[in-house]
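Novice: Okay, here's what each chain looks like letter by letter:
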Amino acid sequence: MEKRVYINMNLCTSCRSCAAACAMGHQGQGHLKHGTIQDKATVPLHCRHCAEPLCLNVCPQEAIKKDENGTIIRMRNLCIGCKSCIQSCPFGVMLPYSTWHTSPKCDLCADRLGEGKVPRCVATCTSGALVFEELATIEKKFRRTVEGGRYFVRFMPNR
Amino acid sequence: MKELKANCSFCSLACPLILRGGERQPIFTAESLLSVEWDGSKDSKFGGSLCARGNSVAEFLTHPRRVNYPFVLGERSNIAAAVSETAKSLAEIRKEFGADSIGVLLGENLTIEEASLATTFARDVLGTNNVALFAPDDAPLFRAYLSRDLSKVKPAGARPTGDRVVSLIIGDSFSEHPCTAKSVLPAKYGTRGSEVIVVSPEVSHTAWFANRHLRCKPGGETAVVAGLLKAAADKTNAPLVPELKKMLAGLDWSEIERIGGVSKDAIAAAAASMLGASKVTTYLSNIFGRIAASALAFSFAEALTNVCPGDREFVPQFVQQNTWGIYSVLAAAGESDCLKKLAANELKALIALGLDLFSVYPAAPIEKAMREKRFTVTTQYFWNQTADRANIVIPAASLMEKKGTVSPAFGEDLVRDEVMPPIAGAVTAEKFLSMLAREMGSELGSAAKPARRTERSGEAGGMAGEWSAYAASGKELESAEAVLIPWSEAVHVADGSLSRNFYWSQITCPDALLMVSEELAAKLKLKRGNRVDVSTAGGEIVLPVEVTKKLAGKVAAATIHFPAVRKLFPMKLDANGEIVLGPVPVRLNRQSEK
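Top to bottom, those sequences are chains A and B. Using our numbering, the first residue of the first sequence is number 1, and each one after it goes up by one. Using our numbering, the first residue of the second sequence is number 160, and each one after it goes up by one.
Only chain A is shown next, with the shape it has when bound in the complex:
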């Protein structure tokens, strides 16, 4: 089963450490943005690494590929920065600005995964809101916590 980044909305304090770590770990080009949900919450928005990714389909240079773990990665040497992927993303999680000529795209910190570590955003989360788990583990955990009545979703009001 593939691991993905999940967020526990009960714990996120909007400190933006995850986005800072992402930017610092990718030569200043962050792949993670903070978005507002229904004008109520400010939370980090991660790439879903979709099963059928539109960004992959629209890329004219075939610079976006799916690796053996299901991670959608952008080949930096092929990307020409045309921003087609940014426009096509249905979740709006690809950033509309870039430091380099390429489109920013979350790669789940492939350099760290190879060393057996978790992505930078998860490692740096100051409140433990971000986890890097398999979907089955998250589903199990979520079900348990809902039944236990300890967790509930709260949104921090936006400014």
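These are calculated hints, taken from the structure and not from any lab test. Hints are not guaranteed to be accurate.
[Said to hold, decoys possible] Simulated pairs of lysine-lysine, PhoX-like, Cα-Cα distance not exceeding 20 Å:
#1 B/K347 - A/K141
#2 A/K117 - B/K161
#3 B/K164 - A/K117
From a predicted model like this one, the values you see are computed outputs, not experimental measurements.
Starting from the structure of chain A, add chain B where the hints point.
Specialist: Just chain B, lined up with the frame of chain A:
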């Protein structure tokens, strides 16, 4: 890949870090530094990881705008010439105006050894006692810690059974010290009935997670904490020290409600919750006058924590890292009226080490003193307003680039014996002071094991007097049209002198902002994006407006990591020679859209 273990030096949590550098470099230097990561093998104080500014450590160490050369009158120079020029100017001023016309201001970015060396330099080389720590956020907490030992207060009764945990947070810990969340939130969700109680006037990052938000008036935190202690003492007949007991008996509930803005019932219910918990942790975080009379709040909070019968921990969080270490060195060296002389513009020369004076507090008297001063030498990381006004600027080495001891918390020292060498051109304050002393014909001895005052004494001395002054300041706010409080953002640290230069802070919080409550916006006909003249007794600036639900009533808040905002808080010194900070009355006038 080479690794070096270090500690972040941006706030008082001192999170353990791993610095990673290129293998091919012969020496581990900033130039070869590739990444910084939280050191999970060592526990940081709150079991946290790196916050947004901690993630910027690598960027800070290798920042292209860091000062790499000494500057003499704005011209690039070398260290020998800068030291020679400094020695000459100081000697001239000492001859003309006397040694007491020279002041030495110390800031957080010095080690304890360097602070001791600076004291020796002032006494033995310059011949003056004008040495002071310039940290208006933290100094009142240190005075309260040393002069009022309320750790002697005994718990009221036996430890409650169960595993209910209560965290009391005074201020906005999650913004000022984001790692705190990692110990507070799991406790909140971990056991049934656990609670987070937050005392603050705004729905801050911290207050949003509160089970009980004691939403006080601006500056009312101290009154609410006093009320919590009074309610706890009344309910349990707690064995308080006599002086404190007498003082609490004299406090009237109507006065607590008037200053604090929280009802007696709400305070009593929160106090009952704390008394029934098997574990109570109290956090107190005070950035630049958020908590009016913070020394008083510190003592009340410590007594309140110790009255609780469960396991208890009192966690005062300083804004800056080594201010406690420097304060303890200066406390051992004796009293100094350097700040009074600075405020009265009696100093002709200033040596500012380890701080950006204008970012910490650019109050009108300090700005005037700097403008009229004959000579200023300072150590700086970046070119800033302090550097602009200084005759000589020395490139500073940060706490991560020099060996020595720092005290990130009371009673906990951190000895840094393996560090990366300073980046090209940067010099430590120790090296600068030694060279300067030699140039002035003296030799500074070793600064190993400096004398420090860390033992506590006294009980509740001076609290009644401080309460009277606090109550009087509250009346001024009641009649104001609007009240300005500091607002902190998690991407910035303390005075913002470092974080304003970081890439991530520049993206997320590049400029100062004024937030106003919906009521205030409706009353003054303000909308998001309007530009507003913000004027207080301290000064006047123009800020863009953001209307928010996080504030209520006549409260406005401004991001406190910018000198222009700090200047709005007027400078007053109390009888202890401390800078008195707190919420201030403010006038807001919308600028014409033309």
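Novice: Against the 20 Å threshold, does the CA-CA distance of B/K347 and A/K141 hold or violate the hint?
Specialist: Holds, because 17 Å separates the two Cα atoms, which is no more than 20 Å.
Novice: Given the hint that B/K164 pairs with A/K117, does the C-alpha gap stay at or below 20 Å?
Specialist: 18 Å, holds
Novice: Decide if the proposed pair is consistent with the structure: A/K117 and B/K161, CA atoms, cutoff 20 Å inclusive.
Specialist: 18 Å, holds
Every hint, counting from the list given before, is met by this structure.
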